[in-house]
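Engineer: Chains as they are written, first to last, in the working numbering: chain A, 1 to 334; chain P, 1001 to 1133.
Keep in mind that the hints were calculated from the coordinates and are not lab data.
These numbers come from a predicted model, not from an experiment.
Incorrect hints may appear among the rest.
DSS-like, lysine-lysine: derived pairs with alpha carbons at most 30 Å apart [what the hints assert, rightly or not]:
#, chain 1, residue 1, chain 2, residue 2
1, P, Lys1097, A, Lys229
2, A, Lys172, P, Lys1097
3, A, Lys172, P, Lys1003
4, P, Lys1101, A, Lys229
5, P, Lys1003, A, Lys321
6, P, Lys1078, A, Lys229
7, A, Lys276, P, Lys1003
8, A, Lys161, P, Lys1027
9, A, Lys53, P, Lys1112
10, P, Lys1027, A, Lys321
11, P, Lys1097, A, Lys136
12, P, Lys1101, A, Lys53
13, A, Lys220, A, Lys136
14, P, Lys1107, A, Lys302
15, P, Lys1027, A, Lys276
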Amino acid sequence: MTSSSPTFRHYHSAHCETGVVSSILQHHGHDISEAMAFGLASGLSFAYIPIVKLNGLPLIAYRMPPKSIIKGVQKRLGFNMAFQKFSDAAKGMDTLDKHVEQGKLVGLQTSVYWLPYFPEDMRFHFNAHNLLVYGKDNEEYLVSDPVFEDVVRCDKPSLQKARFAKGALAPKGLMYYPTHIPKSLPVEREIPGAIRKNAKIMYAPLPMIGLKGIRYLSGKIRKLDKQLKTERKVKLYLGHIVRMQEEIGTGGAGFRFIYASFLQEAADRLNSAQLKESSEMMTEAGDQWRQFALNAVKMCKKRANLDLDSLADDLRLCADKEQAVWRELRKFKG
Amino acid sequence: MNKNDVPQDNSRTYSGHRKVIYATDEKGSYERVESSGWEAEEFATVMAVEQLEEQAQDALARVHQGLSAPLEYHMYNKRLDIPQLAQVTGLFQWQVKRHLKPTVFTKLSHSKLQRYADALGLSITALQSVPVP
């Protein structure tokens, strides 16, 4: 037996959570792109979090924590979502089935590791992945995973394991779906506030968050050879930064480009020359992040000598370029 | 980034998949461009995967020498480490460390074994054995 949400269209996205929000809204007839969802949620960030370790290395985040994008967009645009967690896995799967049978589009938080359709090299224990279930075919779920080109399928035991994986950021079976979406959404009205809020996040008065956080990491890189004794460890650390930046959840440069795309869309919607210029500057910041990643990898590969000072300077330049954007956007009135 | 500069490096880590990158066209307008991989990213991923595989192989050698329990091999093989395994099983790190000793591991209760088996997605029999060298 097949049941699926009629007329569902998969939307290939750069990032899972923004992709899920955008897909849900588009499914309900609203033209909200992934970039717009990201911008409205004030999703761009930077955080260096040494107390959270991934295989012994610190967590470096380039965007706001999981679920904040869904909640952020929801708050700005004034639609309602139901969120539900489960202590009993079987009940969590039954409830999902019930909603899917009604033809609803359901969002889930899952681990990446247990999803069988992920390529082997991308399967890490990361618990804050998001995907949509849009139907069921016998015992297989029809899944729209925003970071995949096309829809995929997932068997029940794997999906259950992925939804109820334990550990840091455990999803606890979280599922969510819209309960009420108004006919028109106040996109233009909300853009300036969302931009100012994001500027505030980047200017956070905390040493390891936002612009300060980028400079903190830059300082850390400068002294890396004194902290880590072997060259191998230094390289693993640098590789880790690049990996956090480019792969896990899109990362540093990727998010800068998404935000630049948002600024461009916002510039068109509000007819603002200032936002258009900001968008171009943010693109340059993204390019600089990629340059930093490229240089780091070159050094790891020994194609260039290990020069921590020059890498630290590259990263500082990322902060400087971003600061030039946020300085102006801080006061943005629309 | 201009869309012509979006890397198309056919990274093995993508296994033929494509990722979306936001890039600009000739007029500077953003669009979603599919990328088949980026060499720099691939290198960092492969380095991390190899590090994990190396840990698993080292653990396997220790198991065969009788210095460590099969649990250590399975832990690394499933891309976990001691803090993560403690978290997913709800045990303390010192308990997990203790359970990695062969003498302690062989005496583990059925319920503890089941807990590890569930966390690692293995049967108890599979948990108690390792591949031959």
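Engineer: So which of the earlier hints does this model not fit?
Structural biologist: Numbers 3, 8, 11, 13 and 14, in rising order.
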